[in-house]
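Visitor: Sequence:
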Amino acid sequence: MGALLIRLYKNFEVILSACFLSITVGVVILNVILRYVFDGGLFWIEEVATTAFLWSVFIGSAAAYKRKMHIGIDLITKLFPERVREVISSVINLLMAVINGYGCYLSILMINANKLKRTPVLDVPAMYINLAITVGFGLMTIHSIQFLITEGILLVRGRRDLPRMSS
Numbered sequence: 002m003g004a005l006l007i008r009l010y011k012n013f014e015v016i017l018s019a020c021f022l023s024i025t026v027g028v029v030i031l032n033v034i035l036r037y038v039f040d041g042g043l044f045w046i047e048e049v050a051t052t053a054f055l056w057s058v059f060i061g062s063a064a065a066y067k068r069k070m071h072i073g074i075d076l077i078t079k080l081f082p083e084r085v086r087e088v089i090s091s092v093i094n095l096l097m098a099v100i101n102g103y104g105c106y107l108s109i110l111m112i113n114a115n116k117l118k119r120t121p122v123l124d125v126p127a128m129y130i131n132l133a134i135t136v137g138f139g140l141m142t143i144h145s146i147q148f149l150i151t152e153g154i155l156l157v158r159g160r161r162d163l164p165r166m167s168s
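Numbering (this note's numbering), first residue to last: 2 to 168.
The set of hints was computed from the structure by calculation and includes no laboratory data.
Note that CB positions come from ideal geometry on N, CA and C, so glycine has one too.
Among the hints, a few may not be true.
[Claimed, not checked] Calculated lysine-lysine pairs in the BS3-like style (CA-CA distance at most 25 angstroms, straight line):
hint : residue 1 : residue 2
1    : K11       : K69
2    : K79       : K69
3    : K67       : K11
4    : K79       : K67
[As the list claims (entries may be wrong)] Each pair of labels, with its calculated beta carbon distance range:
hint : residue 1 : residue 2 : range
5    : M111      : A4        : 35 to 45 angstroms
6    : Y129      : Y106      : 13 to 23 angstroms
7    : I100      : T51       : 21 to 31 angstroms
8    : C20       : G73       : 25 to 35 angstroms
9    : C20       : T120      : 16 to 26 angstroms
10   : D40       : G3        : 47 to 57 angstroms
11   : L156      : K79       : 15 to 25 angstroms
12   : V85       : V122      : 49 to 59 angstroms
13   : T51       : N113      : 14 to 24 angstroms
14   : D124      : V88       : 48 to 58 angstroms
Please model the entire structure based on the sequences and the hints provided.
Guide: Here's what the structure looks like:
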């Protein structure tokens with residue numbers, strides 16, 4: 002039981018994103034069947050599909066970032082020695098923490114600015130839809146900070162092995 006909970010915790014972004022993507026695909030297929038077989042679809046399915054897709058994208062983006070699966074440009078960094086690459090990686094992680102944190106902050110401002118807005122079809126508060134952006138950027142900020150701390154510790158420990166420069 003404990004191993005299962007650990008696996009669920011380590012993969013919760015992937016599982017959650019897959020659930021939202023499954024909802025998106027399921028309701029779209031349902032609407033296609035209803036529209037072409039029974040000559041009428043459900044009016045609310047488009048809004049549900051769009052919302053589920055939005056959640057899938059932002060949670061999935063955080064899952065990909067956690068596993069370092071986003072496309073990166075490492076052509077220039079491969080020209081440098083290993084120690085310089087580690088420093089560049091730490092600087093990039095710091096920048097990503099700042100950028101993702103700022104994205105999270107901006108999404109909170111967006112939610113506050115639109116807190117009274119409701120969706121046109123389902124009439125639910127739009128903040129539940131826009132919250133996907135905050136959750137996605139928040140998770141990426143947390144992962145950026147984790148990477149920064151982990152690589153910072155490795156960088157500091159590795160410096161003990163470096164030869165000292167004479168003055």
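Visitor: Hint by hint, note whether the structure agrees.
Guide: Hint-by-hint comparison with the structure:
no.	hint	result
1	K11 with K69	14 angstroms, holds
2	K79 with K69	17 angstroms, holds
3	K67 with K11	10 angstroms, holds
4	K79 with K67	22 angstroms, holds
5	M111 with A4: 35 to 45 angstroms	39 angstroms, holds
6	Y129 with Y106: 13 to 23 angstroms	19 angstroms, holds
7	I100 with T51: 21 to 31 angstroms	26 angstroms, holds
8	C20 with G73: 25 to 35 angstroms	28 angstroms, holds
9	C20 with T120: 16 to 26 angstroms	20 angstroms, holds
10	D40 with G3: 47 to 57 angstroms	52 angstroms, holds
11	L156 with K79: 15 to 25 angstroms	18 angstroms, holds
12	V85 with V122: 49 to 59 angstroms	54 angstroms, holds
13	T51 with N113: 14 to 24 angstroms	22 angstroms, holds
14	D124 with V88: 48 to 58 angstroms	52 angstroms, holds
Consistency with the previously given hints is maintained throughout, with no hint failing.
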